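Engineer: Residues per chain are reported as follows:
Protein chains: 2
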Amino acid sequence: MSKSDWTAPPREALRASVVGPIADYDPSSTPGYSGDKDSGAKALVERGAVLADLQEKLFANGRSGDHRNVLLVVQGMDTAGKGGIVAHVGGLCDPQGLAITGFGKPTPEELSHDFLWRIHKALPPAGKIGIFDRSHYEDVLPVRVHNLVPESVWSQRYDIINQFERELVDAGTTVLKVALVVSKDEQKKRLTERLDNPTKYWKYNPADIDERGYWEDYLQAYQAIFDRTDNDHAPWYLIGADRKWFSRLAVCELLIDALERLDLSWPAPTFDLEHEQRRVADC
Amino acid sequence: MSKSDWTAPPREALRASVVGPIADYDPSSTPGYSGDKDSGAKALVERGAVLADLQEKLFANGRSGDHRNVLLVVQGMDTAGKGGIVAHVGGLCDPQGLAITGFGKPTPEELSHDFLWRIHKALPPAGKIGIFDRSHYEDVLPVRVHNLVPESVWSQRYDIINQFERELVDAGTTVLKVALVVSKDEQKKRLTERLDNPTKYWKYNPADIDERGYWEDYLQAYQAIFDRTDNDHAPWYLIGADRKWFSRLAVCELLIDALERLDLSWPAPTFDLEHEQRRVADC
Numbered sequence: 001m002s003k004s005d006w007t008a009p010p011r012e013a014l015r016a017s018v019v020g021p022i023a024d025y026d027p028s029s030t031p032g033y034s035g036d037k038d039s040g041a042k043a044l045v046e047r048g049a050v051l052a053d054l055q056e057k058l059f060a061n062g063r064s065g066d067h068r069n070v071l072l073v074v075q076g077m078d079t080a081g082k083g084g085i086v087a088h089v090g091g092l093c094d095p096q097g098l099a100i101t102g103f104g105k106p107t108p109e110e111l112s113h114d115f116l117w118r119i120h121k122a123l124p125p126a127g128k129i130g131i132f133d134r135s136h137y138e139d140v141l142p143v144r145v146h147n148l149v150p151e152s153v154w155s156q157r158y159d160i161i162n163q164f165e166r167e168l169v170d171a172g173t174t175v176l177k178v179a180l181v182v183s184k185d186e187q188k189k190r191l192t193e194r195l196d197n198p199t200k201y202w203k204y205n206p207a208d209i210d211e212r213g214y215w216e217d218y219l220q221a222y223q224a225i226f227d228r229t230d231n232d233h234a235p236w237y238l239i240g241a242d243r244k245w246f247s248r249l250a251v252c253e254l255l256i257d258a259l260e261r262l263d264l265s266w267p268a269p270t271f272d273l274e275h276e277q278r279r280v281a282d283c
Numbered sequence: 284m285s286k287s288d289w290t291a292p293p294r295e296a297l298r299a300s301v302v303g304p305i306a307d308y309d310p311s312s313t314p315g316y317s318g319d320k321d322s323g324a325k326a327l328v329e330r331g332a333v334l335a336d337l338q339e340k341l342f343a344n345g346r347s348g349d350h351r352n353v354l355l356v357v358q359g360m361d362t363a364g365k366g367g368i369v370a371h372v373g374g375l376c377d378p379q380g381l382a383i384t385g386f387g388k389p390t391p392e393e394l395s396h397d398f399l400w401r402i403h404k405a406l407p408p409a410g411k412i413g414i415f416d417r418s419h420y421e422d423v424l425p426v427r428v429h430n431l432v433p434e435s436v437w438s439q440r441y442d443i444i445n446q447f448e449r450e451l452v453d454a455g456t457t458v459l460k461v462a463l464v465v466s467k468d469e470q471k472k473r474l475t476e477r478l479d480n481p482t483k484y485w486k487y488n489p490a491d492i493d494e495r496g497y498w499e500d501y502l503q504a505y506q507a508i509f510d511r512t513d514n515d516h517a518p519w520y521l522i523g524a525d526r527k528w529f530s531r532l533a534v535c536e537l538l539i540d541a542l543e544r545l546d547l548s549w550p551a552p553t554f555d556l557e558h559e560q561r562r563v564a565d566c
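Going line by line, the protein sequences match chains A and B.
Start counting the first sequence at 1; every next residue gets the next number (the numbering used here).
Start counting the second sequence at 284; every next residue gets the next number (the numbering used here).
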């Protein structure tokens, strides 16, 4: 089984506090994984089936009164492959069991509320795996880098976020957070590709070049997140994204690990089994 | 290419007005398709890739200002495989491009509004494929069979639904509606399986046996839907569901056909291409 290519459990090998600081992190490295691209791609298929089974079990329990669920927060700089994670890891699951939300630039309505308002509305229901493509962490990333609100406001958000996630976890949500780290060279390559390929023009946003100019500021803002919001109950994982096959496999493994630790079993019948078997036999 | 196993386009061969009435329909038949299970399964893989490409193109256009989208309504009696359609046809697409909603028994809040209230809230945004697992048609199916509202109320809903769907289509939504038809024998087999397999208990609902007692009434209620709401702009397809491989392939083909008729191309750049190419080269 390909999982044996892991020399350490991903939840340990990729933890932000272990592999950081981000400024020194090599986005083409594959911490804890000794396999190559081919074995990684094979592993994703095999482990995808494991993930799908666990996800169905979570869903079944959600339908049967268990309130637990999972929230995967995906952050990363432009071109780091956030959408690819949603497509290729989320795509391993039954789409009915997912609650995917992409958070863009806040709308005027969203801005008229506190920054967690739109987040609360998008939280997954019981039994589902919620995936956030960007999240409440935007409010301490671009918002901090560009001081879109005063420092006195954004600097308080780390504590607010910790409290929010603590509450989520206490209510039955398994929270895991992944930061996809792309290198500056790889980002340039990916931006170039988007402009070279007419099927990818729509993915290109001129503002990405502007943001690229704030690379160091973003690294600092990410590091602040890891320093202040990487908690055992809502951990941050730092995942090199220069190798897409690795980031997808890593996130798949982290989800499997989170689901396995829920120790799910198939729900017991909520009805009199023998009685219903007779009813079906006679119908 | 497996598509050649189709002797007639699915949108013609499966149209409710062509293959009906439902009472005479053989749910194990595969109208318009001459292939067998193996070729059908192969075709689903091949055609799934075509569907995924078209869906990405729809999504790309939605991101670029095109307001069009698609709504797939899935109805069918218990065990007909509605969830399987969502999982195995929806599962061919990038989950980010889907907006899936399952409509259960209405909540007190939903009942306090008109029957289209919860439907409107779940309509897909631009560029997405909405999938309704059950829909506003529940309000003329169980509601009609059990007279949950007076006949004077439900009997008016056909016109209301036609008007609603006309409005949707005029606003840029491609609407297609599939009714999965399972035979009474096959339903009994599937209910029995659910009670024989602990991993499927959660799918079993004792009320399904009660509903089974109203089989003829449901056939009449379905026929009324086809007679009154099968319109060229929002057509109904009657799809035999005793062979799951066929129902999945058929719905995949209907979606492909709907997307192809949108005649989508990749969005043109919304920026000065050469200028941005220079910016990326210099960054």
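In short, the hints are calculated from the structure, not lab data.
Don't take each hint at face value.
Said to hold, decoys possible - Below 30 angstroms or equal to it, Euclidean Cα-Cα: the simulated DSSO-like pairs (lysine-lysine) are:
id	chain 1	residue 1	chain 2	residue 2
1	B	LYS471	A	LYS189
2	B	LYS472	A	LYS121
3	B	LYS404	A	LYS121
4	B	LYS325	A	LYS37
5	B	LYS340	A	LYS42
6	A	LYS244	B	LYS388
7	B	LYS320	A	LYS57
8	B	LYS340	A	LYS105
9	B	LYS320	A	LYS121
10	A	LYS200	B	LYS486
11	B	LYS472	A	LYS57
12	B	LYS404	A	LYS57
13	B	LYS340	A	LYS188
14	B	LYS472	B	LYS325
Owing to the predicted nature of the structure, the values given are computational and were not obtained by experimental measurement.
Engineer: Next, verify each hint and record whether it holds.
Structural biologist: Results for each hint:
At most 30 angstroms may separate the alpha-carbon atoms for a hinted pair to count; LYS471 (chain B) and LYS189 (chain A) exceed this at roughly 57 angstroms. Between LYS472 (chain B) and LYS121 (chain A), the direct Cα distance comes to roughly 40 angstroms. Violation of the 30 angstroms bound is thereby established for this hinted pair. With a CA separation close to 14 angstroms, the supplied pair LYS404 (chain B) and LYS121 (chain A) stays within the 30 angstroms bound. Taking the CA atoms of LYS325 (chain B) and LYS37 (chain A), the gap is near 27 angstroms; set against the 30 angstroms cutoff, the hint holds.
Among the hinted pairs, LYS340 (chain B) with LYS42 (chain A) is consistent with the structure: their alpha-carbon atoms are about 28 angstroms apart, no more than 30 angstroms. Of the pairs offered as hints, the one joining LYS244 (chain A) and LYS388 (chain B) is violated, with about 42 angstroms between alpha carbons and a cut-off of 30 angstroms exceeded. A hinted pair counts as satisfied when its Cα atoms are at most 30 angstroms apart, and LYS320 (chain B) with LYS57 (chain A) qualifies at roughly 28 angstroms. For a cut-off of 30 angstroms, the pair hint linking LYS340 (chain B) to LYS105 (chain A) stands: about 23 angstroms separates their Cα positions.
For the given pair, LYS320 (chain B) sits about 43 angstroms from LYS121 (chain A) by alpha-carbon distance, which is inconsistent with the 30 angstroms threshold. The straight-line distance between the Cα atoms of LYS200 (chain A) and LYS486 (chain B) is roughly 42 angstroms, outside the 30 angstroms bound, and the hint therefore fails. Our distance criterion of 30 angstroms between C-alpha atoms is met by LYS472 (chain B) and LYS57 (chain A), whose separation comes to about 23 angstroms. Of the pairs offered as hints, the one joining LYS404 (chain B) and LYS57 (chain A) holds, with about 28 angstroms between alpha carbons and a cut-off of 30 angstroms not exceeded.
Of the supplied pair hints, the one linking LYS340 (chain B) and LYS188 (chain A) holds, its CA atoms being roughly 24 angstroms apart against a limit of 30 angstroms. Among the hinted pairs, LYS472 (chain B) with LYS325 (chain B) is consistent with the structure: their alpha-carbon atoms are about 26 angstroms apart, no more than 30 angstroms.
Checked against the numbered hints listed earlier, the structure breaks hints 1, 2, 6, 9 and 10; every other hint is satisfied.
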